[in-house]
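K.L.:
Same order as they appear, the protein sequences are chains A and B. Take any residue in the first sequence, count from 1 to its spot, add 53: that is its number in the working numbering. Take any residue in the second sequence, count from 1 to its spot, add 5: that is its number in the working numbering.
These are calculated hints, taken from the structure and not from any lab test. Worth double-checking, as some hints may not be accurate.
In silico SDA-like cross-links for lysine to any residue, where the CA-CA straight-line distance does not exceed 25 Å [stated by the list, open to error]:
(1) B:Lys273 / A:Ser287
(2) B:Lys137 / B:Lys273
(3) A:Lys273 / B:Gln152
(4) A:Lys273 / B:Leu138
(5) B:Lys137 / A:Thr274
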Amino acid sequence: MKKRIAVSVLLCLLLCLCLSTTALAQGSEMTIGYVTDAADLFTESQVEALNDAATQVSSEYHCAIYAILVDDFTQYNPQSVEDCAQGFYSYYDLGFGEDRDGLLLLLSLEERDYALQDYGPNAAKWFTDANLNRLESGFLKYFREDDWYNGVLAYIQGAGQLLSRAQQEAQNSPGGENDSQESIFGFGDGMDPITKLIIAIAPSSAIALAVCQGFKSQMKTAKERDTADEYVVSGSARLRVKEDQFINRTRTVQIIEQPRDHGGGHGGGFNGGMPNHSHSGKF
Amino acid sequence: MASQITNFQCPACTGPLHFEGASGNLACDYCGSHFTVQEIEALYGEKIDQAAQAAQAEEPVESPVEGWNWPENENWDAEQAHLRSYSCPSCGAELICDETTVATSCPYCGNPTVVPAQFQGMLKPDYILPFKLDKEAAVRALKTYYQGKKLLPKSFRSDNHIEEVKGVYVPFWLFDGEADADMEFAATQVRVYSNGRERVTETDHFRVRRAGTVAFENIPVDASRQMPDAHMDAIETFDYADLKPFSAAYLPGYYANKYDVEMEECEKRANRRAANTAVQIVRNTVGGYASCVPVSQNVRLRRGRVKYALMPVWMLATRWHGKTFLFSMNGQTGKLIGDLPVAKDLYWSWFARIALPIAGVIAALLFL
Ligand SMILES: [Zn+2]
Ligand SMILES: [Zn+2]
Numbered sequence: 054m055k056k057r058i059a060v061s062v063l064l065c066l067l068l069c070l071c072l073s074t075t076a077l078a079q080g081s082e083m084t085i086g087y088v089t090d091a092a093d094l095f096t097e098s099q100v101e102a103l104n105d106a107a108t109q110v111s112s113e114y115h116c117a118i119y120a121i122l123v124d125d126f127t128q129y130n131p132q133s134v135e136d137c138a139q140g141f142y143s144y145y146d147l148g149f150g151e152d153r154d155g156l157l158l159l160l161s162l163e164e165r166d167y168a169l170q171d172y173g174p175n176a177a178k179w180f181t182d183a184n185l186n187r188l189e190s191g192f193l194k195y196f197r198e199d200d201w202y203n204g205v206l207a208y209i210q211g212a213g214q215l216l217s218r219a220q221q222e223a224q225n226s227p228g229g230e231n232d233s234q235e236s237i238f239g240f241g242d243g244m245d246p247i248t249k250l251i252i253a254i255a256p257s258s259a260i261a262l263a264v265c266q267g268f269k270s271q272m273k274t275a276k277e278r279d280t281a282d283e284y285v286v287s288g289s290a291r292l293r294v295k296e297d298q299f300i301n302r303t304r305t306v307q308i309i310e311q312p313r314d315h316g317g318g319h320g321g322g323f324n325g326g327m328p329n330h331s332h333s334g335k336f
Numbered sequence: 006m007a008s009q010i011t012n013f014q015c016p017a018c019t020g021p022l023h024f025e026g027a028s029g030n031l032a033c034d035y036c037g038s039h040f041t042v043q044e045i046e047a048l049y050g051e052k053i054d055q056a057a058q059a060a061q062a063e064e065p066v067e068s069p070v071e072g073w074n075w076p077e078n079e080n081w082d083a084e085q086a087h088l089r090s091y092s093c094p095s096c097g098a099e100l101i102c103d104e105t106t107v108a109t110s111c112p113y114c115g116n117p118t119v120v121p122a123q124f125q126g127m128l129k130p131d132y133i134l135p136f137k138l139d140k141e142a143a144v145r146a147l148k149t150y151y152q153g154k155k156l157l158p159k160s161f162r163s164d165n166h167i168e169e170v171k172g173v174y175v176p177f178w179l180f181d182g183e184a185d186a187d188m189e190f191a192a193t194q195v196r197v198y199s200n201g202r203e204r205v206t207e208t209d210h211f212r213v214r215r216a217g218t219v220a221f222e223n224i225p226v227d228a229s230r231q232m233p234d235a236h237m238d239a240i241e242t243f244d245y246a247d248l249k250p251f252s253a254a255y256l257p258g259y260y261a262n263k264y265d266v267e268m269e270e271c272e273k274r275a276n277r278r279a280a281n282t283a284v285q286i287v288r289n290t291v292g293g294y295a296s297c298v299p300v301s302q303n304v305r306l307r308r309g310r311v312k313y314a315l316m317p318v319w320m321l322a323t324r325w326h327g328k329t330f331l332f333s334m335n336g337q338t339g340k341l342i343g344d345l346p347v348a349k350d351l352y353w354s355w356f357a358r359i360a361l362p363i364a365g366v367i368a369a370l371l372f373l
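So that you can see chain B by itself, here it is in the shape it has in the complex (with noise of 0.2 Å):
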């Protein structure tokens, strides 16, 4: 029986390869070789479709088996995630996977695979955007985003250590669109004027109308449901011009997902964010008045293309006092993000600092 997933392993030595973003080929982590993404796809590809056939003659057995969840964190899936085995193609060990995973790597030999079955046909990503930044620029970029920040508390940065970090290629839905805001204003132009005894105010009233249209290209919204949506748009924006069309081969070395949230699902919440500044487009077109209030608006969408593509993400989960925190790095622009921890003491000494001296000076004033 042929295997349903797929190792990528170096031709020269059969060491594990993983994609380098630097420079954009593949590398051997043993013996230093390096490979062309067309390379590694000429090489794999028969293997990939050999794959993707075995998956479809026999459909793996689900066992639902506790999952590993990202903690702490509202918008990740509570339920129990629904898991996947399969042997590893190197060692023979299981692999227990996500019934999203399209790529991963083997606990037991470090070889990088990918589930063929997962990005064939209808699965197939339209693009992907390849990795820049590797886990070195993660750490670096976690280290630095702790500076300047005033209410951290002093033994984060030492007590807290960094748990996992893992390349993520991300599911997107990129939407294109249109949208049409209608809008009526109750606007007012001021005139003020003074006769040495009367200050006279005149207000004249208006109806003001706008309408217009606008147009969306790739308003990304993720379609994992295991990432936290918050985290996936603060990360944005990424560079469209780096896109590539859907190659297995940049996957070695990281971990991907397939879509689990529909794009009619998705398309909602790109609607409200298109609506919402197509609102303020045709706002900001009123203008030379003293006043101006929306009294009504009625705003239509249209969708247009959409697109699936992958999005490299770094994930990055450290733990301080029993309590894990979630970092998401744009793999491409190296933005980082996540909350932090609070500390009250400093909240309230910084409270203290501003505060006093300010109360002091008034004090002063008044009392003196």
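Only chain A is shown next, with the shape it has when bound in the complex (with noise of 0.2 Å):
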């Protein structure tokens, strides 16, 4: 319990701290491990097995994995669960290397509400948003039956199946940049002539080969029914049962891109503390 409530007082002071002005945020020499559990659910080797995996994970795949598991958001910052997550994020320097690609999962107890976000250049290329809503499924079923260890360990080995698998699909698509679907926009400049060739020809062949199979429809028109639409009654359907249960909400915040100013390449780095893709929801 002791444990618990300095945890809680030292996280609250900082991000007090950290809400004032972003720029103290930059710089904190605090830091925090992979898991940081403020709202005292795991004992001390549980919070140990979870950091080994995290740690490991972070360190194969280059990419910090973080969880903050803590009674009440609103304690650290009482604008939202997202917001609350990007200032831990901000304020304890959070990330991996130089660009600071990291994933953090913000559990707050109170309200059952949570933030996933992931921040850093590379972790944006990793982590897409149907990545994220699958790693969700993954992990919230767990958190929903208060399973918090099991959940906090599928949401490591779920980011890490995610990072394994979408570090290998960018090996094996060398030039899969963004530079070249840049250029389908700019009509093929830079573009090897039988990329232009198959790009001619894939979406023309589409369109005949519908136009062509509508022709060839023509000419079967024997089929049988399934549905009786002509035999109702009219008047007939009745409506028994009308429910409509509202059961969760979830929010999705994607950062809107800035025009970046050209010539600087790929400089852009860490994207000033805010997420690439920002998940919260209630489970």
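Make one complex out of these two single chains by using the hints.
P.N.:
Laid out in structure tokens, this is it:
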């Protein structure tokens, strides 16, 4: 209990400071581990095991995986669970390497809120919205049943699997950089002729195929029916049950990318402490 | 021995009579006299009863003769048809009929013939929908059906010739009933807003349940094995306002079969159609959501009244390059359907004519 209060007070004080000036947030001397249990849900050995798992994933894929569990996020930041998570990330200068790539899961027990955010230019490529949704469905089922340990473990392991797959895919498609995509909209500047040919042939073939299949379907009109719409007694349809029950709300925050000044290349780096994707909801 | 079958002959000249859809009367092929359905019923009612009794007294001998089948269709019963032979009351020739034959014509004297034992007692249809359109209308409809078919081989129109056109009263079961569908959905409402630097997507998740009932009337299911289900489904719908209580007087000049698929077997098809429609209706009561995915559904069906009816269908068989093509036309509404051959060369020439210009435009944009 003492540990819990101590950690809470510490986080609270620091976050209040962080909120007042964002400048202060940069370059803090304080550090936290990959798994921070301010809600006192785990034993020490559990925290250690989770930390070990997170350390392993983080160093293997060069992306820091954080989990912070608090009693009530409003103690740190009254605005929203997402702002609170962002505050933690900035204040503790979280992230891996110079680019500060990382993934942060914040759980707040009071109202059962969570936020899931990824930071850094590399993490932006590894974690898509779809990936984060898949990750969420993997760990939320444990939290819904108050199985905190397995939930955090599922989060760390799920993140590891996503990173492994994403980094493998990136390796298998060299030149899969954004440059080739952008040039499509520039009508083929710097594209090799074969790619251009494929881009010319594929959609036109698809359109022609659709039209020809339409012609072909005119040739086959003897079809069994599988509905009886024409035989409904008019006015006989009656609704017996009509229930609409709200279950939960999820939030996704995407940073609208500001137009980058050209010539700077990929020097963008850490996006001013803003997450690339931010998911939140109830569990 | 009384004959088991009955001819319909003109009371004025003994020429063959046929039911004429346009006038709704029976007409004589020879002298052109017209008679109402009631007049012919009065004249032939007694003969029909006698023929039915004769049939009861002597069960017809079944002879397994190789039967004539509509070719090239999976629904046609490939087994040998069981045939029955009768002697024509007009000319005495031997008439070979399918065991389901209700009405036919004598191939020798052309007289329309009915087999009363096939529509007596339990086998009596509740209703008959008389033919409205004649043979010429069916042939015309087939000609116009070829029009606008871009993939029809050029030679099909000229070389393909009609082998047979028959007007058939096809047995149908008409099912009344009720379906109750109880469904659960996972639905979402989405709100997107931006505050300058961030775009926020808020998704509300809902569990939605809807349950309701809907009643059906006269879902038709063809009850003849000879008739392909796909053809009989595709020529729907019939206008039931013209249904008449069954009378043999509507049969002369046409073929007719009694049912050889039991009602219970046909009910499965009616049920499947009713269930799908009920699910769709219940599904459509869910509104106001960005997405709505069915999670579970439970449909219960209750059968109501079932009627046995004969429906008018023109069957046309044509032959082209050694293959038979089968078409069906709704004898009431004129809706004609049937599968046509596809010319591969036309298919690819259309493909090229569409794909090449588009590809050219895109290539021009990319390369220039
Ligand atoms: Zn006559
Ligand atoms: Zn004869």
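K.L.:
For each hint, tell me whether it holds in the structure or not.
P.N.:
Hint check results:
| no. | hint | verdict |
| --- | --- | --- |
| 1 | B:Lys273 / A:Ser287 | holds (23 Å) |
| 2 | B:Lys137 / B:Lys273 | violated (30 Å) |
| 3 | A:Lys273 / B:Gln152 | holds (14 Å) |
| 4 | A:Lys273 / B:Leu138 | holds (24 Å) |
| 5 | B:Lys137 / A:Thr274 | holds (22 Å) |
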